[in-house]
Amino acid sequence: MDRNEERSLIERAIAGERTAAGDLIRAHQRSVYAYILRMSGRPDVAEDIVQEAFVRVLGNLHRFDFRFRFSTWLFTIARRLYMNAMAKNRPAYDTDFVGSMGASGGPGEQPIYSDERQSVQHDAIQSALMSLSEEQREIIVLFHQLDWPISLIASHLDMPEGTIKSHLHRGRKRLRVLFKDQSVLANKLEGVAR
Amino acid sequence: MSRPRRDHPDMRDDAPGRIPESLIDAAMDGELDPEIQKEIGNALQYDPARRQEFHDTRDAINALRMPIESPDLSDQVLQRAHRHRRFIPRKLRQQVRAGRVGMAALLLVTLLGVATLQRMYPRLTTIASQPTPVANIESAIETDGRQLAQTVTGDIQSLRDCMPDPVRGMLAGSLNRPGSNDYNTDVRIVTASLSATSPHSISQAYPHTGYALVTLAQQHQNDHDRRSAQQRAGGPSNIVLMSWTTSSINRNSSPDPIDDAIELP
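Going line by line, the protein sequences match chains A and B. For the first sequence, position 88 (counting from the first letter as 1) is numbered 88 according to my numbering, and the numbering increases by one without interruption. For the second sequence, position 208 (counting from the first letter as 1) is numbered 208 according to my numbering, and the numbering increases by one without interruption.
Bear in mind the hints are in silico, worked out from the structure with no lab data behind them. Be careful, since some hints might not be right.
Covered by chain A, per the in silico footprint, the following chain B stretches (three or more residues, Cβ under 8 angstroms) [to be verified]:
#1 24-31
#2 63-74
Okay, the calculated beta carbon distance ranges per label pair [as the list claims (entries may be wrong)]:
#3 A:R80 <-> B:R119: 44 to 52 angstroms
#4 A:N60 <-> B:L111: 25 to 33 angstroms
#5 A:N60 <-> B:D75: 34 to 42 angstroms
All values derive from a computational prediction rather than experimental measurement. No residue lacks a Cβ here, since even glycine has one placed at the ideal position from N, Cα and C.
With these hints in hand, go ahead and build the complete structure from the sequences.
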């Protein structure tokens with residue numbers, strides 16, 4: 001969605017058009033959900049936070065400054081909600097749920113991963129991510145999964161670009177090792193199960 | 001297959017023929033030109049350890065980029081937004097805002113009005129009980145004075161009746177006519193009030209009481225205000241000087257008492 005189209009949607013949503021508000025949600029829910037899911041490792045937490053973030057965004061839509069990106073604003077609100085939730089009660093990483101998503105299909109009984117291998121990989125990457133520090137995890141998700149540029153991440157996290165790069169390089173290095181270990185372990189377990 | 005140890009000389013960044021890790025990071029950050037990236041890709045062919053690292057990193061990133069299906073939350077969000085009344089149309093929001101501003105302005109104007117009225121007409125806005133206004137102050141003072149003079153006359157008469165002769169003589173010279181009788185001390189007793197209980201017993205128990213009263217009145221000759229004091233001259237229940245008012249006498253004019261002249265026996 002280009003910025004003009006997005007602006008039009010926002011203006012219609014401000015005017016009270018429900019369908020425009022729905023379109024706006026659908027256009028951004030996937031990325032913000034993925035971001036919070038990667039950060040928390042908990043689909044239920046991600047769902048709650050994404051819902052609350054959208055409710056707050058819609059309630060304050062008339063205050064939105066069109067000079068900025070809507071997604072940045074939404075992610076900032078979602079991130080703040082996530083941080084608050086973590087400060088109050090840090091949810092445990094739900095490995096069973098993530099592991100079961102490939103087999104059972106997850107929320108709504110829709111299969112999320114097309115095959116067994118993808119499910120194993122997803123489990124391995126999520127486990128590896130959860131072993132990183134919070135900063136490294138967030139920066140890697142924003143950069144490699146959501147394709148945010150370094151400058152935008154720096155502004156979003158209120159950190160210098162050099163610090164972002166440092167976290168990114170160290171986190172990526174660690175993720176590589178952790179992911180490889182997790183994949184090897186998962187493959188071994190798979191072999192034993194067969 | 002055993003993994004090469006990091007401390008092995010061939011694995012060090014400064015080992016001959018190795019591609020620096022910082023260069024790989026810069027390539028992965030997308031900071032290098034496509035041509036340089038292509039050259040690095042070619043160079044990786046000759047650095048198997050670095051190539052393996054690169055492939056492992058790429059696998060992790062590819063796993064990270066696998067699409068995640070998210071549930072459609074739009075209906076739930078819109079329901080919640082409506083339930084919390086956070087998502088309301090712009091016109092309605094403007095009306096609500098205008099209403100709030102109007103109410104705040106009205107409240108402010110009311111408070112300012114009350115403050116102004118209170119400053120201009122304090123009696124209108126004071127809630128506490130006020131003293132009852134006296135319609136005719138002159139007649140009220142006259143009535144009070146008349147009653148007081150009658151009381152003083154009666155009390156002094158009683159006092160004189162019960163006092164021995166020497167003290168009675170002193171009273172005759174200074175306290176027998178309030179308002180016109182005291183040129184000798186430059187003080188005029190405008191009003192006086194005496195209270196005596198069982199006056200006949202005073203003459204026996206306190207023969208000098210009358211003299212003490214006169215002395216007390218003279219000590220306050222410069223006092224222009226009405227004083228309210230209880231001076232016990234003769235004991236707890238015998239005689240009390242309740243109150244008195246004095247003023248200086250203007251010798252160039254004749255005294256002009258506010259009280260009516262009291263004829264004492």
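Going through the hints against the structure:
1. Only residues whose beta carbon comes within less than 8 angstroms of a beta carbon in chain A count, and the region 24-31 of chain B has 3; three or more means the coverage holds.
2. For a cut-off of 8 angstroms, the count of residues in the region 63-74 of chain B with a CB near a CB of chain A stands at 11, and the three-residue condition holds.
3. About 49 angstroms separates the C-beta atoms of R80 of chain A and R119 of chain B, a value consistent with the hinted range of 44 to 52 angstroms.
4. Distance hint for N60 of chain A and L111 of chain B: a CB-CB separation of about 31 angstroms, consistent with the stated range 25 to 33 angstroms.
5. A hinted range of 34 to 42 angstroms is violated for the C-beta pair N60 of chain A and D75 of chain B, which are about 20 angstroms apart.
Checked against the numbered hints given earlier, this structure breaks only hint 5.
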